[in-house]
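K.L.:
The residues making up each chain are set out below.
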Amino acid sequence: MLKDITVSFSPHISKPLSTRSVMVDVIIGLAPAMAAAGYYFRMRALILIATCVIACAATEWVCNLIRKKPCSLGDFSAVVTGIILALSLPPRLPIWTAVVGSVFCIAIGKMVFGGLGANIFNPAMVGRTFLAVSFGALMTTWTVPATLDANMSKVAPENILVSDRSEFRTQATPLAWSKMAIKNKLGADTYSEANFRGTITGEVGGCLGETSAIALLIGGIYLLIRRTINFHIPLAVLISAFIFGAIPYALDSEIHTEPTFAILDSGRYVQPFFHLTSGGLLLCAFFIATDPVTAPLTRRGMWIFGIGVGFLTMLIRIVGGYPEGVMFSILLMNGVTPLIDRLCKRIPAGGKPVVS
Amino acid sequence: MEVRVKGRFSFRGGVHPPEKKGLSCESSIQAGPAVKEVAILLSQHIGAACRPLVEKGAEVQAGQKIGDCDAFVSAPVHSPVAGKVKEVGLRSHAVLGRSPAVVIQAEVEAQPTRPSWEVNGDFDEGKYSSEQICEAVREAGIVGMGGAGFPTRVKIEPNPRMPKETMIINGCECEPYITCDYRMMLERTGQIVAGVKLARRASGCSRVIIAIEDNKPAAIEAMSAAVRASAKGDNIEVVAVKTKYPQGGERQLIEAVLKKNVPTGGIPPMIGVLVLNVATTAAIADAVVNKRPLTHRVVTVSGEVIARPGNYYVAIGTAVGDLMEFCGPVTQKSAKVVLGGPMMGLAIADLQMPITKASGAITVLTKGQIGRAKFARRQTACIRCGRCLEVCPENLNPTRIAHAVKSNLLDLAESYYINACTECGCCSYVCPANIEVTGYIKTGKIFLARQKKKMPQ
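Chains as they are written, first to last, in the working numbering: chain E, 667 to 1022; chain Y, 10 to 466.
Check the hints yourself; a few may be wrong.
Said to hold, decoys possible - Covered stretches of chain Y, going by a simulated chain E footprint (3 or more residues, C-beta under 8 Å):
#	segment
1	267–275
2	355–363
3	401–415
Calculated from the structure, these hints are not laboratory results.
Please read all numbers here as calculations on a predicted model, not as lab measurements.
In this text, a Cβ means the ideal position worked out from N, Cα and C, and glycines have one as well.
Extracted from the complex, chain Y is given alone in its bound form (with noise of 0.2 Å):
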């Protein structure tokens, strides 16, 4: 039976796009394609880039780790076939152009399996100290799977100077097309739910609050049970939030459910507020239950093209072309490719781009949908509508900032607050005038980083 649910938690700006989500829903997760080679990128995440721990010619066993790093924000990286190194050398990037990749030749063509997984609401999570939850997760190299991918150890590990009061589990899936963590929060939800535990032992927070979208109402009403027969859940609380785009933005999350903001140019701990994807806390639950380390996830593949849209459990390092051929032909008709989803993806030139531990989605687009988008059609004037104030959930002024890029007057653009912006994309969504007031900020983004040497050139 349908459950009907209204969220009550919202934020001040935002659009409705149209969901989408039909096409994958229903779809269970299946096994992903079988794969002959497999590309590590050492840099999946937020901080510093691994350094490579095997050579060429090197055999590797699933799950060794192949790449680390020192630094404190970084998480190693590690193969998810047994194999040979076939070679250490560059690949495609959806952030960095080309990046530094271990390449292995499995040994057997096979599909990834998934290792089941059976917690009773009994878990307990006591017996592991919060030392030995965060040791575990960094060694896994588990980062967050929502899309940023900030190293989940750093997040988690308690802090004397911002200590961390309330969790929140983000399930909002808030893009258009993506279902991957619909589908985990209804088929892992024990897992999730340990992992909400663990995660929650090792930060020390005292508050447990998952959200979870209100067009989403089997995933609340499953995370609900699970929590409620679970034992010693009586801190954890499962909310519905309105649906809206971008609901599942960290901050905005944190505005609509505590009604705080995150400070400008601030981090969540600084109002002591934890933020994860549940499908990190999954993650985290493998890692420190089973000594798994993270070398798959689930990948929603979808678009109208998609000749069987779904959800694939995926061996991270697969290139996205052969998860897109293993999920039927790729038609011409598919005219953009993005990492993610349609709002905050990146559209991708090379399909060779292997998935990374942050990549929850392929959306391919048509001709059609994407001759709606911004730089299909002219764009004309800025006639200051305001619709891009309007939805701006920062409560910036896109347009201000965005025309002070356009001629280059950087400091205009930081006293309109540039550094504020989290690239939502509401702005281009809504603009009249077809202006790509989002990618004018995001250059002028990089440009401010350069000029204060924060980014090579």
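Isolated chain E, as found in the complex (with noise of 0.2 Å):
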């Protein structure tokens, strides 16, 4: 006779899937933006992106501690926050910001919440935005890539401070650019073209993983086709970064006549393309807003979430006092999630109940 026979629930079998699975995938996405940004960066992207994933590593194993639950560590979530904090950071941040960003990002953003699965705010979001606000200098200092020439005379647009420190050179990102082109600081035409292509190659100043759009697309189809991510939340935000950037280009009273397929034109505002690679919008429609934890559930709700945050981005940055606004517009629309979630309620199959 048996022994030791197990009763349970039905399934009695299930999808070899787990956390870390999924987890890994993420990580496994996010390596051709890690690769670009440490062909760009050298040494300091290498640096800064295993100083985030570390310390924000011992930050969870020191929260379960003190909380006496059992380590989280396995998950691997912990590790996905470090690299997106990390992609999101400036190259030349010292190593202690990007320290003091994880911590927070780690012990504020998730575990005070319950740790993963309670979080409302995307914690690389809540740490970046928390460095942001308290070290503004540090955070918008851009170094020029590795690979470009620091000498070259047009690096950036002449009338744009480029610091010449003595152990590197920075340059303004093509988002600060553009938005002192809206303020008619300078005409949209003084950035050349070879600019705007460095914008989809990476090699341009900015964050260390946003720079290169077709790493970061590489990535996120990487996604979309093991299905970690679904493309509802991808597809709305760059279709409402798109729509929301049009708009203004196609009202300036300065833009030509006749219609132009040229990519940048003299007015005031840039071609919405320009705002599609440019900044976190990439890293942000394909491994940022589709942080399942801080989601809608339901296909409505993606698609609510992702043109909100598209809208919000695309204001932030044309109106708003920010040159970019990926990481507020996130914030804003995770805080919505739950109300999101309970307005676009799935009915079922059948209808709904005709006796309730």
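Both chains come to you apart, so use the hints to assemble them.
P.N.:
Following this line, the structure appears as structure tokens:
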């Protein structure tokens, strides 16, 4: 006769999936962006990524120790948070600042809510916002990619301040430049098309992982193929950002009377494509907005969430005071996620029950 | 020659668990174990339980009715063997816990023999009236043999308030491992077609669709040939449906084949549909033509640790353990015995539990296999990845329901339509955090029913 037979709820088999395998997929998806960061910013990038990952993991370990909970490092979510935080930091950020940001990420962004799955806001964006608000100057110092010849005369438009400190050169990011164009400090045509191409390949000043659109796209497509993320949120973010970026561009009175297909025009507003490839929009669309914990569950909710992120980002970029709006728009939309979920309930396949 | 068929019909959601049907699909139906003793549970169906008609010590004949009930939604039970009533006592029941059963000591210990059945294509159901068929089905104690065990008479009887037009014969068998319906379709094709015609005649349906998953091309071929050869078979259609779990679920099958949804909380006749399992139709034919009650059924015994996996013709009331022994020595590697398939079947603790009319399979899983399933691995927090929403065939929000139940917020669970859940298990199957989503939902449904005093404490 059999001994020790187990009794439990059905189903008795399950798909070989775990939270860890989902997170590992995200890390693989982020690998191209990390590689691009390593290529353009060399050792700085690797040091920053390693710092953030280690600091995040250590913080989670300590928090679990304090809360007397089992170690949750095995799900690798702290690693993902660390990588995303690192990729959204400027390359020249001092190590201690990155550590402060990482600790804030995990401790305040995640663990105070009860750990993975319970946090309301995206931890990486919480940490980044903390750094941006606390260390404004450090967070807006952008080094020139190592692949560019820093002594080249036209690294940036001449009328943008390029600091020339002894150890490194800095450069305004494409978005900072477009902000200045909006504020009529310079014409939109002063930026060369070569620098627009830089936003696609990544050969431009900016945060570690945000500069290379191609690397982010490759990673995003990998996640889509692996079905780790749904296409709804990325598509909604990109479409709405494009539309809301196109509206002021189309309405710009300084634009030529004839329709033009040039990438850059001489008006105050830049091409909407430029908005898609520059700044953190692609990183946001594929890796940050799709963070399942802080995004809505239902399809309709995902569309609303994505459109909201795209709209708020463009609102901040074009109208607001900051050149980049991704982190604030993510946090704002995270805040309304529970409301969106409540608004977009699923209706059963057979319709609402006739008798309640 | 292998026929390649591509199913056109499907439903939204669902999962693709490994099929594992190869273990037993080539084994033809064999006689099951000889039994010394059978325990006939008095509640083998949905509805009112039977009361025993025999007392301890009484002599019974094979096929004699030993339990009945006057309630409309009920079905009598019969003895599969001739012998003596040993006791009327409690036996394990997969759903009810301990339940009354009539235990019969067999006169002779013999393997069940399968009555032969030769029906040619011209089987004429015209000589039976609808009332005759319904009465025969009721007297034979036929219940849905696909797993739910709903009394078939109640289903096929014409109801003027809900006229039935379309009958779907469910040959999907979407659960992994199970092959008993597949073998029935191959070996008892004529009997099934005769049963289909009888059910059509009884219910007054004008259209019949036999739906078979496209991973069973041989069954599709056999059924199509039998229908073509049969007289008056022109409004019977054999269709291939996509292989996907839970294709064999009543509501999903209707959605797939007819592109209609049964109203939430409703039943198929509300949209004029009747769904019968293939094994049930075979039993109908046997009951009406041969006046034989439902006392035996085909059970698939399968699993990697079973020495002789296959499909066995067994007497209802045979102990699960006896049937497992019959299929080879039971090794200690077996860690979980499931009555039914691994997706929806019930794990049992007592191997003396008798086979009922609705048990189509015994699946034995190893430690390695259940180690992959939820309970053995640590559950982690829900990361709200939404996979359960994607696979839910009823378009529910399983994670929210489960968490509402976990927090004991039954009102909230109800507002997420907890009672629309069919407990198919897809959500638990895909959950990366190893959460027993289906388990929570089932628990919540029981709590709710108790709250509304539909179920004893």
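K.L.:
Of the hints given before, which are not true for this structure?
P.N.:
none
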